[in-house]
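With the sequences and hints as input, model every part of the structure.
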Amino acid sequence: MTSLPRPLLAVTGALVSLVLLCGCSSDAGGSAAVGPATPALAEVTPVANPKAWEGPSSVEARSSAVEAIVEPPQVLPTTVTDAQGTTVTVTDTSRILALDVYGSLSRIVFELGFGGNVVGRDVSSGFAEIADRPLVTRNGHDLNAEAILALAPTVIVTDTSLGPWDTVLQLRDTGVPVVVVDSHRSLAGTGELIGQVATGLGVPARGDLLAARTGAEIDRAVAAISAVAPADPAERLRIVFLYVRGQAGVYYLFGQGSGADDLVTALGGIDVSAEIGWSGMRPLTDEGLVAAAPDLVLMMTGGLESVDGVDGLLEAVPALQQTPAGQHRRVVDMPDSQILSFGPDSARVLEALAVGLYAPDAAR
Numbered sequence: 001m002t003s004l005p006r007p008l009l010a011v012t013g014a015l016v017s018l019v020l021l022c023g024c025s026s027d028a029g030g031s032a033a034v035g036p037a038t039p040a041l042a043e044v045t046p047v048a049n050p051k052a053w054e055g056p057s058s059v060e061a062r063s064s065a066v067e068a069i070v071e072p073p074q075v076l077p078t079t080v081t082d083a084q085g086t087t088v089t090v091t092d093t094s095r096i097l098a099l100d101v102y103g104s105l106s107r108i109v110f111e112l113g114f115g116g117n118v119v120g121r122d123v124s125s126g127f128a129e130i131a132d133r134p135l136v137t138r139n140g141h142d143l144n145a146e147a148i149l150a151l152a153p154t155v156i157v158t159d160t161s162l163g164p165w166d167t168v169l170q171l172r173d174t175g176v177p178v179v180v181v182d183s184h185r186s187l188a189g190t191g192e193l194i195g196q197v198a199t200g201l202g203v204p205a206r207g208d209l210l211a212a213r214t215g216a217e218i219d220r221a222v223a224a225i226s227a228v229a230p231a232d233p234a235e236r237l238r239i240v241f242l243y244v245r246g247q248a249g250v251y252y253l254f255g256q257g258s259g260a261d262d263l264v265t266a267l268g269g270i271d272v273s274a275e276i277g278w279s280g281m282r283p284l285t286d287e288g289l290v291a292a293a294p295d296l297v298l299m300m301t302g303g304l305e306s307v308d309g310v311d312g313l314l315e316a317v318p319a320l321q322q323t324p325a326g327q328h329r330r331v332v333d334m335p336d337s338q339i340l341s342f343g344p345d346s347a348r349v350l351e352a353l354a355v356g357l358y359a360p361d362a363a364r
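For the sequence shown, UniProt numbering begins at 1 and goes up steadily by one.
Some hints here could point you the wrong way.
[What the hints assert, rightly or not] EDC-like cross-link-like pairs, simulated, lysine to aspartate or glutamate; straight-line CA separation at most 16 Å:
no., residue 1, residue 2
1, K51, E235
2, K51, D311
3, K51, D232
[What the hints assert, rightly or not] FRET-style restraints, in silico, Cβ to Cβ:
no., residue 1, residue 2, range
4, D311, R138, 28 to 34 Å
5, G309, A68, 37 to 43 Å
6, T45, R220, 43 to 49 Å
7, Q247, R220, 35 to 41 Å
8, A40, D208, 26 to 32 Å
9, A231, V75, 44 to 50 Å
10, Q247, T285, 19 to 25 Å
11, G116, A37, 24 to 30 Å
12, D132, R220, 29 to 35 Å
13, A37, V250, 27 to 33 Å
14, A227, T79, 20 to 26 Å
It should be emphasised that the hints constitute simulated quantities derived from the structure, not laboratory data. Built from N, CA and C at the ideal position, the CB exists for glycine as well.
Listed below in structure tokens is the structure:
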């Protein structure tokens, strides 16, 4: 494993600070449920003119059963240099905790064939197979050292998206191997993330298989989206990603290098943050939003709820009313734990968002 480049560390740190400062809902999915999962893209009919659509849409990725890869066999002990440059030796994976703000790491561990070894879960791990494991996070996404140690883990896989970081250091000081993987998430980096987890558990070849499978699923989803997205660049949706926590007065526009840009491109939209030179995660400005002139806003469900929906968003961010997105009330939201998770469920996340963009009448 390699250390994160400094620009990505800065971006990751900004997101972590936002999550820990502002908090998220504490249900199993990391945000309030939005109802039944969104239909598959192949099951819906795109609207003739997505730019002209009026009104918001809520989407949720479809759940899918874990398809565990159980071969080739595991090789232990394994020694790795994790994403922070720490050398970690793993000798026992009989009791695993895989913890991050999105629930991606636990899903990867299950897909790598270690579901039966997972002894607890974070608040964002909401897939069916892990639902009976005890929570080891509290107050949203705070790690609970006492709850973690009570489960006697033999290895912990995590990143820097959960805190407080002193808790991670405390766990490492007790002798539990802690493998820290890359916190930066993107579609292009999904395979690398899977590989880091797999290497830490002594199954790098399984990681290669899972990364290839996930990559093929993403490629198929992107191809399907490309088939329904407008071919004419002038007709493509201009999209921005807003991170909002109304209770804390936090309004951020996510730009290049945040992962949101990767998402917009895969959805066949125009990432207007690139046009205005908006990098990373920065406080929203009226000038930046008006200059972006988005046709559509992507948001986390918890963020939209924190300002009491679209009406509250338009009131809190008056500049949005000067954009096509605000004038058409064109906001698409997805649960916090899904929209930027970039893991084994990435293809389903993309498909659900594409329904919100191109077949909004089939979404909620």
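Confirm or reject the claim that D132 and R220 have a C-beta distance inside 29 to 35 Å.
holds, 32 Å
Starting from the hint 35 to 41 Å, judge whether the C-beta atoms of Q247 and R220 obey it.
holds, 39 Å
Distance restraint hint 19 to 25 Å, applied to the beta-carbon atoms of Q247 and T285:
Given about 21 Å between the Cβ atoms, the range holds.
Taking 44 to 50 Å as the stated bounds, is the beta-carbon spacing between A231 and V75 within them?
Holds - the Cβ-Cβ distance for A231 and V75, about 48 Å, lies within 44 to 50 Å.
Is it true that the C-beta distance of D311 to R138 lies inside 28 to 34 Å, as the hint says?
holds, 33 Å
Need the status of pair K51, D232: alpha-carbon distance at most 16 Å?
holds, 13 Å
Given the hint of 20 to 26 Å, is the C-beta distance from A227 to T79 inside that range or not?
With a Cβ separation near 46 Å, A227 and T79 fall outside 20 to 26 Å, so the hint is violated.
Range hint 37 to 43 Å (beta carbons of G309 and A68) holds or violated
With a Cβ separation near 39 Å, G309 and A68 satisfy 37 to 43 Å, so the hint holds.
Is 43 to 49 Å right for how far apart the beta carbons of T45 and R220 are?
For R220 against T45, whose Cβ atoms are near 19 Å apart, the range 43 to 49 Å is violated.
Holds or violated: K51 with D311, Cα cutoff 16 Å?
violated, 20 Å
If you check the beta carbons of G116 and A37, does the distance land in 24 to 30 Å?
holds, 26 Å
Cβ separation of A40 and D208, checked against the hinted range 26 to 32 Å
About 28 Å separates the Cβ atoms of A40 and D208, which means 26 to 32 Å holds.
Checked against the numbered hints given earlier, this structure breaks hints 2, 6, 14; the rest are met.
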